[in-house]
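Chemist: Protein sequence lines, in the order shown, are assigned to chains A and B. Per my numbering: the first sequence = residues 9 to 665. Per my numbering: the second sequence = residues 9 to 665.
Keep in mind the hints are simulated off the structure, nothing from the lab. Treat the hints with caution; some may be incorrect.
The list treats identical chains as one, so a pair stands whether inside a single copy or across any two.
Stated by the list, open to error - In the SDA-like style, the derived pairs of lysine to any residue whose C-alpha atoms are separated by at most 20 Å in a straight line are:
1. K479 x F498
2. K565 x E296
3. K46 x E310
4. K565 x S635
5. K565 x S461
6. K472 x A512
7. K646 x L91
8. K565 x P600
2 protein chains.
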Amino acid sequence: MSTLDAVTPPKPSSLPHDIVASLLVNLDSQADQLRAKKQGGLDLEGLLYFQRAANYIAAAQIFLHANGLLSEPLEVSHVKNRLLGHWGTCPGLNFVYAHTNLLISNHQEEENVPEFMFLTGPGHGAPAILATLFMEGSITRFYPEYPMSREGLEYFIRSFSMPGGFPSHVNAETPGALHEGGELGYGLAVAYGSVMDKPNHITVAVIGDGESETGPTATAWHAHKYIDPAESGAVIPILHANGYKIGERTITGAMDDLELACLFTGYGYQIHIVEYGSKSPEEASDHEHDVAVQYDMAVAMEWAYQEIQKIQSAARSGKPIVKPRWPMIVMRTPKGWTGPRKAEGKLVEGNWRAHQVPLPSAGAKGEEFDLLKSWLESYGPDELFHVHVDDSHSGAHNPADKARGIIDSKAVRIIPKDQERRMGMVNATYRDFKPLKTPSWKDYTHPIDEEISNMKAVGEYVAKVIELNPKEFRIFSPDEISSNKLDAAFKVTQRNFQWDPETANKGGRVIEMLSEHTLQGWLQGYTLTGRHGLFPSYESFLGIVQTMIEQYAKFIKMALETKWRGDVAGLTYIETSTLWRQEHNGYSHQNPGLIGSFISLPRNLARIYLPPDANTSVAVVDHCLRSKNNINLVIGSKNPTKSFLTPDEVSTSQYAK
Amino acid sequence: MSTLDAVTPPKPSSLPHDIVASLLVNLDSQADQLRAKKQGGLDLEGLLYFQRAANYIAAAQIFLHANGLLSEPLEVSHVKNRLLGHWGTCPGLNFVYAHTNLLISNHQEEENVPEFMFLTGPGHGAPAILATLFMEGSITRFYPEYPMSREGLEYFIRSFSMPGGFPSHVNAETPGALHEGGELGYGLAVAYGSVMDKPNHITVAVIGDGESETGPTATAWHAHKYIDPAESGAVIPILHANGYKIGERTITGAMDDLELACLFTGYGYQIHIVEYGSKSPEEASDHEHDVAVQYDMAVAMEWAYQEIQKIQSAARSGKPIVKPRWPMIVMRTPKGWTGPRKAEGKLVEGNWRAHQVPLPSAGAKGEEFDLLKSWLESYGPDELFHVHVDDSHSGAHNPADKARGIIDSKAVRIIPKDQERRMGMVNATYRDFKPLKTPSWKDYTHPIDEEISNMKAVGEYVAKVIELNPKEFRIFSPDEISSNKLDAAFKVTQRNFQWDPETANKGGRVIEMLSEHTLQGWLQGYTLTGRHGLFPSYESFLGIVQTMIEQYAKFIKMALETKWRGDVAGLTYIETSTLWRQEHNGYSHQNPGLIGSFISLPRNLARIYLPPDANTSVAVVDHCLRSKNNINLVIGSKNPTKSFLTPDEVSTSQYAK
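Turn these sequences into a full structure, and let the hints steer you where they fit.
Modeler: Encoded structure:
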């Protein structure tokens, strides 16, 4: 079985080939044109060198605790005792990172060129992300303890997944990261949240094919239907169909091109498939395949970029396209690409065996050690890493770039010249917070002898917040905004659903999708890029995203311990229809469990509020919306009751603090 | 805006119409043929009368506390004080129930005709399900306090959503039900679980278009890829795209036929769309539209049935179809169909206003009361319900059928003659439990001085359970069976993924899909229809389905309080990679929260086990797999340790009890 066989999914499906194939975007002629160009064509060398270096550093992090740059012949003693990390997804991530870098660089001289963010669904692929971040200088910028020197890089390699070093999953310590690794499925929704109300941002989101089996991802493919192209940026979703998860084929990996064409056309996208080996004869060498797929990916990324421009330009010139079909890319590259082909007679590259550590016994003399040695040497580390700072080739504009000279200039020249555009340093990912503008909450209180719904009172306050923050505040709710008595919001704004002509292209601040998972992902992406949101829901259904909230709390905990990250707004949840005060639903709608999760979290991160009346509710929600770096749970109530406390009494109570 | 406009989704999409339309299954000629037939054609009268009666009873349950059958002119005083229930989905559910009844009846004389089960995703539609269950005699059979008499039916109508009566959501008290209403999204997965290893069963699953926005549903559309047609039955999924949720258009409701054709073709289905008004001229009367859509649905159901037969016959004769494309139906019928067209100048039928109680002020004199009166009268209750048992028309075969005589025979004649085939009485839904065959657990223990992984020891025991129960036991796991050290299972069985030629059509007992939601749904459906399962997972990721587990616990609690329901096996979860003994993952993979959920549940329902060694682990898993009517959480451990207890010591400990 060759690598090619491994990439190609089981065939055939019984779909009518001629019909369905026409749904796929064909970019062959663009790839041919690019190949024919000499000057101004593809920086193929730059792409290949970048990936060689990034793949080397990724693999080295998993395996080496000494001799990280192979300054001397590899010995068993150089191999880590405990091999941790996931290799399988790494080369694909490096491939996408390289091509995103190239896209940014190709357009960096243009006016109003978007800023790019990078979101890794498979957080296990940290070795790849960390490698590219090191190469672009982001690691050294935020972690001077890893200087851009041979020693610094070796220390960086050794420290991976060791106490004090970077963890084996992407987390808040990772420059550019907006998403805690671990629990899979939310990357795509977070990506869409990150570009809402950021018209000049594009997030490239890599979705693993394992991850794509989760429900949260399966429904987040619809998320573009809530992106207004006039006011928001865009996502380039890239499904990384490398075919296998930890022990089995993946669903999308087992779907052929026709099935994928139908599925993602149905979700509303234009699809282009980039497939390793598809544009080169089967008997071609690995290198020829490697080259062909670079051309494919380069034209695919440029195509995606141009399609986004078309959709956005139309909407921004007042002639929005009805149901715009945003671009997406399906990427079929081998799992563990460039890694060991086989070990102990069994396929590794292009197989589930490449998922985690492909050579688990490499720490002892034997076949696997020999394979590791030749694998690492195959990248040519002596060509990639130099002893001295190589000023002459680096095109350096600043000190960090000079330092990059230890990495061969050919491997770093596709990295954007402007530091602020490198994806580990984009402001939006770590220091774009502006405080919410809030009215005086006392203006929204009521006389204590008036019967008023807590939620109704909060709704009037929230409507004012929407007015004061027309592009910085959103409400995410699973179809319950009116049922939750927050409908005062609709006096000043509306829903935002692009597939409905009644609410398309109108910039509504309320998103109602019946997917708590997607809402939570949007809220996280929106908040971590500096904005503010509110998530009201029935008490019993907010628990659906309990583990997501807990993962987010981990991200915030680590962000607080990460010096270079700025503040982000607190996430505020309001629960209604509580067990203790059922408004109209019965047993099937009762579940007060989420409060238990909040109680078990550290109190600087997670706060719980049970305001007893409308006046206190307004004060509490005001307090929560102004909070930072935490999560807030407010227990609401919908039915009218009299207030217990006057506004002044609330002011002096703990609730207003 | 007419009802027709409301049903038709926003147009257009930019998809190439000619190309995509060919993906849809066209059944026009079959419908025409059926219409042309006289004798042996469609029992149109029976279908329409059934739906009239069912819709009347559904609406009456929501509104009437007296005069339930309109024996006298409706008065304000007959209307309930508190109006509860969801009308919008009811007529669609009754439409599907009617056509499923007709399909069963049409085939009831054939040999080996499958048994049908009915699964309602939108549990809020209980008024519809309860109405049809009453009409077929299932309510009276299980609840003699509601006899088949005018008084019995009036009492049934009055009791809906009142203390002591049926709740407003489908739950364990509902005959035929396999799924707790409330939290949306799991119905489809439960339906697929219910037919695994039941080759002669078909579950008709209605999925609401609100529900279809959830992640769990979005990924469960892939569930058919784990159904081996040789060994298992089939699901007929029916997406009920009535266009609106509680306050907004739905995603699938806003997708046009082409988008839906692509999406569900991509998921792997053949799709036929049944649309109200599509086969009749726009200016046609309501009745003409109503008639046309009955022909469409009847041929659609027959088509689905025949397609299932083809796929199953091929597989069972040893020539399985590669990637079989199972049938599914998209059903566009108006929300609140046959309900009030407008109220207070605003559209109700075919709109979100029909979602819950369409005439909330009908309890006081005024327009809404008048609308309610004419609406209920429009069904002609005096024609539908009779005073005396009407033996002559009922074709009665047994006492329950005789009793059905109070409902006009035209309204009940499409109901299957054989009681056991009526969907509220099918054995598989409530009394099909057989105990698991288990080996002696002591045969799988180890000497106490041997270092052995708890999970490895359990794996050997589980392998034997698989051997002893070749069609009654399955393992559902999110891609971690080997990582969880249960790989001994692969000595006796394999994975079961029909999209991979390596594991297709081989009856494997292990399902690995990276969707905890789908696994949980499958396990529930499989267990509630009498079988047994095991769900191993990492500790941190099982919490993803915490609220599902809690909803399931509610179902079991009510099932135990429901006299006519038989036992079901306990659900057993094994958690590994715990926070306290991390095997190789870090902070991103740590979350011990699920145990807190189990602790808070009643102890007869939820049990937690922390076996300290391999011998105890085997005893505990044996105990759990033999348990009934509960949920079990076993905390596992993967690394080898010495046992503390000899098998005999384990026997006398609490663990073996």
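Chemist: Each hint: holds or not?
Modeler: We went through each hint and held it up to the structure:
no.	hint	verdict
1	K479 x F498	within (16 Å within a copy, 55 Å between copies)
2	K565 x E296	neither (46 Å within a copy, 63 Å between copies)
3	K46 x E310	within (18 Å within a copy, 62 Å between copies)
4	K565 x S635	within (15 Å within a copy, 41 Å between copies)
5	K565 x S461	neither (35 Å within a copy, 34 Å between copies)
6	K472 x A512	neither (23 Å within a copy, 58 Å between copies)
7	K646 x L91	between (54 Å within a copy, 17 Å between copies)
8	K565 x P600	between (25 Å within a copy, 17 Å between copies)
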